[in-house]
Amino acid sequence: MSGAVLVAVAAAIGNLLQGWDNATIAGAVLYIKREFSLESEPTIEGLIVAMSLIGATCITTCSGGISDWLGRRPMLIISSVLYCVSGLVMLWSPNVYILLLARLLDGFGVGLAVTLVPVYISETAPPEIRGLLNTLPQFTGSIGMFLSYCMVFGMSLSELPNWRLMLGVLSIPSLIYFILTIFFLPESPRWLVSKGRMIEAKKVLQRLRGREDVAGEMALLVEGLGVGGETSIEEYIIGPANEDIEDQDISDDKDQIKLYGPEEGLSWVARPVTGQSTLGIVSRHGSMASQSALGLVDPLVTLFGSVHEKVPETGSMRSALFPHFGSMFSVGGNQARNEEWDDDIVPREGEDYPSDGGGGDSDDNLHSPLISGQTTSLDKDIVPTNHGSLTSLRHGSLMQSTTGEQVGSMGIGGGWQIAWQLSEKVGPDGKKEGGFKRIYLHQEGVPGSRRGSLVSLPGNDAPVDSEYVQAAALVSQPALYASELMKQHPVGPAMIHPAETPKGPSWKDIFEPGVKHALVVGIGIQILQQFSGINGVLYYTPQILEQAGVGVLLSNLGISSSSASLLISGITTLLMLPSIAVAMRLMDIAGRRSLLLSTLPVLIISLLVLVIGSVVKMGNVVHAAISTVSVVLYFCFFVMGFGPIPNILCAEIFPTRVRGICIAMCALTFWICDIIVTYSLPVLLKSVGLAGVFGMYAVVCVISWVFVFLKVPETKGMPLEVITEFFSVGAKQVAAAKNN
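Anchor point for the sequence shown: position 276 equals 276 in full-length UniProt numbering, and the numbering is continuous, going up by one each time.
Do not rely on the hints blindly, as some may be mistaken.
[Said to hold, decoys possible] The calculated SDA-like cross-link candidates involving lysine to any residue, where the alpha carbons are at most 20 Å apart (straight line), are:
# : residue 1 : residue 2
1 : Lys711    : Lys508
2 : Lys686    : Pro42
3 : Lys617    : Gln543
4 : Lys508    : Ile661
5 : Lys516    : Lys711
6 : Lys732    : Leu710
7 : Lys203    : Phe184
8 : Lys437    : Pro272
9 : Lys33     : Ser158
No lab work stands behind these hints: they were computed from the structure.
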C-alpha cells in the first residue's frame, strides 16, 4: 500500500501550505500595519487577515461541481498555482490593495486544498488505512504552522523584519506542491470510472495498491456510481459444501448459493436466513445504546455498529473463504457497443473476450470486462468455453447456486466481498425472465460463532467446532444495470461497461433519502466543530502563557514581546503534533465515532476549568498553572478527535456521483461558521466576558457529544460504496417507520 501512502502524503502538502499561510500572516500583520500606518484603520487590518477566509468561502461554492466536471487532480494543480502566484504577488505588494488581491488569491488556493484534499485521499486510500491517511492533512497543516512560526520568529529577531519576505516564502513550498501534482499525483480512480475511463482507472489502482489484480475494486467503483436504489439486508450462513447444516431458519437447498474456491475440490455453500434482516432486528429490538437513550439513537448508527461488533479476530471472510480473490471469472460472449466508453474495453458485435485467467497479458489494457457474456439456462451448469472455465479461477472465485444462479465474488477491502447473482425464472406468460442482484458480503463473526452480533438471530448458535461463517449481505440491483442487456444473458451485472455513460450529478440526487441523511451528519458536525471553541482558545493562549510567566522568561532573554508571542504560538503548535500522531494510529483501530465520544468530554472539562479559573479568585501562580494545563489538554484532545474527524467523515459518507457537490456544501458551512466565530469573538468577550464565552463553548461541546452519540455512525474499515449503501438503506427504513 506504499503507493497510496505516498500519494496521500503528497496531496496533504496542500494543507501544509494552508497551515504555513495561517501562521505567517499572524506574524507578518504586526509589521504590515506599521509600514502602512494601519493602527488607526482596524478595518483594513482585519481585511488583510480575513481576505483569505473570504476567498476560501467564495471558491468553495463552486469547487465541488467543478471537481466533478474536471476531476480532483486538476483542482489540486490549480490550488498549487494559486498558492504560488499569491506568494509572488505578496512578495511584490507595493501597496495595501495589491496585498489584499494577493490574499484573495491565496484564499482561493486554501479553499480548494481544504475542500478537495480529504476527498482525493478518501477516493485513493484502501479502506483499512483510510482514516490514518486522511488524518495526514491535519498533521501536515500543524507542521506547516510550526515551521512558519519558526521562520517568522527568526526573522522577527532582525532589526528590520521584512514582512514581504515572510509572506513571499510561501511560493517555494507551493512550487514543490505544483511539481508533485503535475508529475506524481494520479487522478482519482473513482472519478475516472465515473467518466468511463476504465483503462486509466485500472492503471491508477494497480499503482496505488501495488498489485496487478484490481478487478474486485474496479467492479466496486462501478457499483458506487449509483445513488439510491432499493437495497435489502439479508443474512447468510456460509460453510463447506460437504457439511450438513441443520437449522430451521436456513432456507431449503433450492435457495442455497454455492461458492467455488480456486482449488479443485474446495467449495462452500451460502444459505440465506429467512424471515429476518438486520434492519428488521434493529427496528424491533434496537441495541442497548438506543434503549438507554429512549430510542433516540438513529437506527443507522446501530446498523453501522453491528458491522463492527463481531469483527473476526484472525483473518477475514476474504482469507477464510476466498484465499485467491481477484479478477472475475471471464468467458466469451457478446455485449452492446457504446461509443462513449473506451474503445479498447467495449467489444464490437460478435467479438469475444480473453479470460483474465487466460495466458495473455491483459494488465496493460483492459481488453475484457470484469464480467462477460455467456448463455445460461436453468437446466444446465456452467459450460466451459474456449475463453474460460472453472480452471481459470486461479485469479478469482465463482459462486454458483444450485438453481443455476451464478455469482462471481471478489474481495473489495475491509473484509468485504462483492458478488453478483444472476437468476432466471419462468414468468406467468411462460417466457424466461432474468435479473441481477449485487451483493456486498461481510463476515459477522469468527468461524463457528453466531453469538453477540446485533444481526445474529437468537437460538441459532452453530456448534463450537463448526466451520460455518455468518455473513451479512447488502443485496441490491447493480448501479448501472440495463434491462435490455438481459437478452444477451451476461454472467454478471451491468458490467464494467454499462449500456450508457454514467450521468453526472444532479440536484435530484441530493434529495435521495440516504444523501439527505448524510448531509445532516456532515453539515451538523461541521457547524458544531467550529462553535466548539478552538478559535477562542487559540485567541486566549498567548494571554494564558503570558500569565504563566513564559513572557517574563523570554523578556529576560532579550526577546521582544512580538517575537515572544510568535515563539509561544510555535510551542503551542508543536504540542499538537504528538497528539495528531496518536490520532493517526487510532483512527482505523478505535474508529472515528469512538475517538469523538472519548475526546469530547476532555474538551468539556478543559473549558469548564477555564470558566472556573476566570470566575473564582485564586493566586496568580495557581491560576496560570491550571489554565496552562487546561489549554494544553484542550489542544491535544481537539486535534485527536474534533479537529480531523469532521473532514474525514464528510469525505466518506457521500456517493461518488454527488460527492463533490456535497463536500462543497459541508466546506461552505465550515468557512461561514469560521467567519462567524472569528468575528463574533471580540463582541462576545465584551458582552459576556471570558467566562461566558468558554461556558458557551462547553455547552456546544456537550451538544456535540449528544449529536455524535445519536447521529454519527462508525465508518472505519468500510469501503466508501458500502458506507453510502448503508446510509441509503438506513434512511429509507427510518422514513418508512415514520410513515407507518
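### Message
Does Lys508 sit within 20 Å of Lys711, going by the straight-line distance between their CA atoms?
### Response
violated, 24 Å
### Task
Could you grab the alpha-carbon distance between Lys437 and Pro272 and see if it respects the 20 Å cut-off?
The hint holds at about 14 Å.
### Message
Lys33 and Ser158 were given as a pair; does the straight-line alpha-carbon distance stay at or below 20 Å?
### Response
Satisfied, since the Cα-Cα distance of roughly 18 Å is no more than 20 Å.
### Hint consistency between Lys617 and Gln543 [alpha-carbon to alpha-carbon, up to 20 Å]
Within the cut-off at roughly 17 Å; holds.
### Query
Regarding the pair Lys508 and Ile661, is the alpha-carbon distance no greater than 20 Å?
holds, 12 Å
### Task
Take a quick look at whether Lys732 and Leu710 sit within 20 Å of each other, Cα to Cα.
holds, 17 Å
### Query
Between Lys203 and Phe184, is the straight-line Cα distance small enough, at 20 Å or below?
holds, 14 Å
### Message
Checking one constraint from the list: CA of Lys516 to CA of Lys711, max 20 Å. Satisfied?
### Response
Holds, at about 13 Å.
### Query
Is Lys686 close enough to Pro42, meaning Cα to Cα at most 20 Å?
holds, 17 Å
Hint check: a violation occurs at hint 1 only; the rest are consistent with the structure.
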